[in-house]
Every structure is written in C-alpha cells, then in structure tokens.
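Number of protein chains: 2
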Amino acid sequence: MLFLEYDGTRYGGWQEQKNARTVMGELREAAEGFFGRRVEIGGAGRTDAGVHATGQVAHLRAEPRGRPAVEQILRALNEALPADIAVKEVREAPARFHARHDAIARRYLYRITRRKTAFDKKFVWWVKEPLDVIAMTQAAALLEGRHDFARFRAQDPAKPDEPSVVVVAEAKVEQDGHFLLLHFEASHFLWRMVRRLTGALVKVGKGELTVADFKALVDGGRPDLDVAAWTAPAAGLFLEAVRYRSAP
Amino acid sequence: MLFLEYDGTRYGGWQEQKNARTVMGELREAAEGFFGRRVEIGGAGRTDAGVHATGQVAHLRAEPRGRPAVEQILRALNEALPADIAVKEVREAPARFHARHDAIARRYLYRITRRKTAFDKKFVWWVKEPLDVIAMTQAAALLEGRHDFARFRAQDPAKPDEPSVVVVAEAKVEQDGHFLLLHFEASHFLWRMVRRLTGALVKVGKGELTVADFKALVDGGRPDLDVAAWTAPAAGLFLEAVRYRSAP
Numbered sequence: 541m542l543f544l545e546y547d548g549t550r551y552g553g554w555q556e557q558k559n560a561r562t563v564m565g566e567l568r569e570a571a572e573g574f575f576g577r578r579v580e581i582g583g584a585g586r587t588d589a590g591v592h593a594t595g596q597v598a599h600l601r602a603e604p605r606g607r608p609a610v611e612q613i614l615r616a617l618n619e620a621l622p623a624d625i626a627v628k629e630v631r632e633a634p635a636r637f638h639a640r641h642d643a644i645a646r647r648y649l650y651r652i653t654r655r656k657t658a659f660d661k662k663f664v665w666w667v668k669e670p671l672d673v674i675a676m677t678q679a680a681a682l683l684e685g686r687h688d689f690a691r692f693r694a695q696d697p698a699k700p701d702e703p704s705v706v707v708v709a710e711a712k713v714e715q716d717g718h719f720l721l722l723h724f725e726a727s728h729f730l731w732r733m734v735r736r737l738t739g740a741l742v743k744v745g746k747g748e749l750t751v752a753d754f755k756a757l758v759d760g761g762r763p764d765l766d767v768a769a770w771t772a773p774a775a776g777l778f779l780e781a782v783r784y785r786s787a788p
Numbered sequence: 541m542l543f544l545e546y547d548g549t550r551y552g553g554w555q556e557q558k559n560a561r562t563v564m565g566e567l568r569e570a571a572e573g574f575f576g577r578r579v580e581i582g583g584a585g586r587t588d589a590g591v592h593a594t595g596q597v598a599h600l601r602a603e604p605r606g607r608p609a610v611e612q613i614l615r616a617l618n619e620a621l622p623a624d625i626a627v628k629e630v631r632e633a634p635a636r637f638h639a640r641h642d643a644i645a646r647r648y649l650y651r652i653t654r655r656k657t658a659f660d661k662k663f664v665w666w667v668k669e670p671l672d673v674i675a676m677t678q679a680a681a682l683l684e685g686r687h688d689f690a691r692f693r694a695q696d697p698a699k700p701d702e703p704s705v706v707v708v709a710e711a712k713v714e715q716d717g718h719f720l721l722l723h724f725e726a727s728h729f730l731w732r733m734v735r736r737l738t739g740a741l742v743k744v745g746k747g748e749l750t751v752a753d754f755k756a757l758v759d760g761g762r763p764d765l766d767v768a769a770w771t772a773p774a775a776g777l778f779l780e781a782v783r784y785r786s787a788p
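From first to last, the protein sequence lines stand for chains A and B. For what it's worth, the numbering used here labels the leading residue of the first sequence as 541, then goes sequentially. For what it's worth, the numbering used here labels the leading residue of the second sequence as 541, then goes sequentially.
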C-alpha cells in the first residue's frame, strides 16, 4: 500500500497509456527496477492529465526475492522516481487489498487564487474577475446528498453505462487569504465532474449563473446550458485523500 | 511602495546586474513600460541568485503623466511581469520613503524537508539524514542577541568595512509535519549569513557539530572550521517580511 503525491503537470494522467508518460508508468518502472520483476499496480483515483495528487493511494504486489523492509522500498522508489513524484509512505497491506475497489470515498481539492501568485502557476486557477463567495457557498451546499450529475460528467468511453447518480458527502468553499479552496468528497466522481462543478461554481461567483440555475443543473436539467465549456483547468485540481473502511 | 513575491529560481538575484536577468530588472522594465519614462526603484533586501521572496518591499518613484490609481499600477505591473514575479500590493508612500534605508528589520525563512516532496523541489532543501531537532533548537536560541557573525558571512566586495556584529531579534526552529521551518529576524543580515547559519544548524542536527562548537562560532571563534562549505542551498531561502517604523 503506497501513499503518493505528485505534480501532474508533465504527465498524461495517472493511468498507464501507450504514447504518454503517466504517473503509474513511472511508478511501475521504478518498482520493477527495484524488485527485478513484473509487479501489479493499481491506484485509487484515475487523475487526468495535468491533475495533481497529495493523497493518491496505490497497491503494489510483487514477489520479491527476500523480504525488503517498507523503509527500504520507500527509499528505493523515491530514488528511482523523478522529482515530481514522491512516495510518502509504504505500508504492508492485507493480501487482497485493492486500492480502487476497497476505497469507500475520494476527496478532491480545487484551488483558486484571486490574485497573481509567483509560486504556483501550475497548481492554481487564477480567476481575475470578482467572485461572490457567499453565492458560491450557497451553490456548493446544494451539491451535498444524492443527485443526478449527468450534466457535469464527460462521457467515459470505457464506461458507457455508468450511472450518473452520485452521493456527495461534502462540498464546501473555504477562504484562505487570497485563495478559495473548494473541497469535494464523494464515494466516487464521474469523469471531469470536479472540474465541471468548479467551473459552474465560478460562473455562480461571477454572477453569470444564478443559484437556482445551478440547482437545476444539479438535478440533471437545463440541457440548454453548455457546462462542458466551463470546465475548470486541470492545474488547480488535487486528489487529496482516499478513504478505506478501516481507516488507514 | 510595492509588496512583492517572487520565485527566484530563474534570476541572478534581486539587484540589477549587467549580463543577468534580475527581479529588479524585470520590475524596472514593467514599470518603465507602464509609466513611459525612467523610474527610480529600490528594494529592502538584496536577495541572492535563486533566493525567493514572499514579502519583498520596494519603492518606486515615477513622474507619471496624470495620476494613475494604485489598483491600475498593480494590474499593469502584474500583466507585464513574468509569471514568477507578482506584485501583491501597491500603496502610496511618504515622499522620501526609501525601502532599504527606512527598514528597521528583515525576516527570513529557511525551509527544510525531511522527506521527498513532489511539489517544491525549487523551494526547499531536502536533508536526507536524521536531524536532532532539539539540538538545533538549542543552537538557534544561542543566536538571539548581539554577536559577532564574522564566521558566518561571505566578504562583500562592495562593503569591505562592514561591521560583523549583528543583533538578532529572533531565531527559531519550527516543525510543521515533515518540514522544518527556520525563522530569522534581525535589523540586517550579512552576505550569505542566513544560509551559513542554516548550514551550521543542520550540522548540529546531524550530530556533526556540537552545540558548544556552534556557540564558539557565534562568538566569532573556531577559525579552523570551514563554515562556508556548509552554506545551505539558495532554493530553501525566502525573504518573508520587512519591517518599518510605522508598521505598513
């Protein structure tokens, strides 16, 4: 069981692909170099191209010669991985642990800045227009509970029949100086859902979408509105944490 | 009066130089573009190549046509400046305000990480060896007060006669998760002083320098020890704040 953080800027996302560098691909290369044989890897969240993680969780199954200590695996992986991927912790997991199937909730953070920042252009969305944070907070509160998020997903070709009803455990807007931090927690999220929710919340903040229209979208309505066009940039998005039944 | 933050990685420091891009040079270009004429600029702290700032202060004197509002100057400078330099605030200052002469104290932060981090390789020093934080805290406390820091300075060719006695108002070590944050405040600092203090404190943390030997260095002694060789990397250092008599 691996806890990872990464700067997703240079990668085509978490999941391995042909013709693109991916975080999981880098992890596989580091792990197979260390164990000297093929390993099985899986991650809890399929972060998209350019999306970051502070709390990705992965399983890694290998049949090592000998039995290396977790500290030894941690050190070897970090030495082999590029500077923008870090393994924070390695723990022994139950034999059949599966990072994605066993996860009961994912937590995402979207970072918005309201002024230019010198340090984190790659890690934030700079919204130059004034934002009505009270309206955004009201709209975010409407997300909690069970809703049909069909209007907020991109159709995933790998999952044509995926249901679009999701139970959102938490959605809130937090002010931290010139940053707005949007927190989302749900059992799972649909493809692009967090970025489209963020984009719609920013529309509310700018006064270009009423809270009532936002509510209609959250109930699957208003097919006339082009939610996809509002999708927030990947740079501001972080997979923050993954929860398991017995808290890891 | 400008409050600035910058990622110093790409620059040859704050101060204008021939043959190097500098933060002040970029600021001059942006300001002269906006005002359409030569401006007078000065900064409170001469950060070195690769050193960052979250709280640099500068004065900027121009004879503008008309009288642009501070918000207009702020917006124009940020639009013209590169992404790694941000003006946080512009304020009208008293007519003879001088960012360096009027400053009564500078505050620096040095960031150390004890594990690999994916996000801020450019903004932190990763010390892989275990560190005795208690010994470092004891050593840091010895810095407060008036001492002869001759052993911790690099000789500045521009100031051959600069005295090496400095009154340090605060020096402390703070733990924040896997980060160690070293805070230093003094009326002024000698060239390279913060990086050499940090290097020596890390030596103490590693058990390679006793607190007693550190104390001897702080009193100007132990010429046999090569403090310069321990200089901490520029990447971890930030000019955090500059204080003025009437708190800005």
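Everything labelled a hint here was simulated from the structure, so no lab data went into it. No experiment lies behind these values; they were computed from the predicted model shown. Check the hints yourself; a few may be wrong.
Short, incomplete list of chain A residues facing chain B, as computed with Cβ under 8 Å [said to hold, decoys possible]: (1) F543; (2) E545; (3) N618; (4) A620; (5) I625; (6) K628; (7) E632; (8) P634; (9) A635; (10) H638; (11) R655; (12) F659.
Glycine included, C-beta positions come from ideal geometry on N, C-alpha and C.
Hint by hint, here is what the structure shows:
no. : hint : in the structure
1   : F543 : violated (11 Å)
2   : E545 : holds (4 Å)
3   : N618 : holds (5 Å)
4   : A620 : violated (11 Å)
5   : I625 : holds (6 Å)
6   : K628 : holds (7 Å)
7   : E632 : violated (19 Å)
8   : P634 : violated (25 Å)
9   : A635 : violated (28 Å)
10  : H638 : violated (24 Å)
11  : R655 : holds (7 Å)
12  : F659 : holds (5 Å)
Hints 1, 4, 7, 8, 9 and 10 from the list above are not met by this structure, while the remaining hints are.
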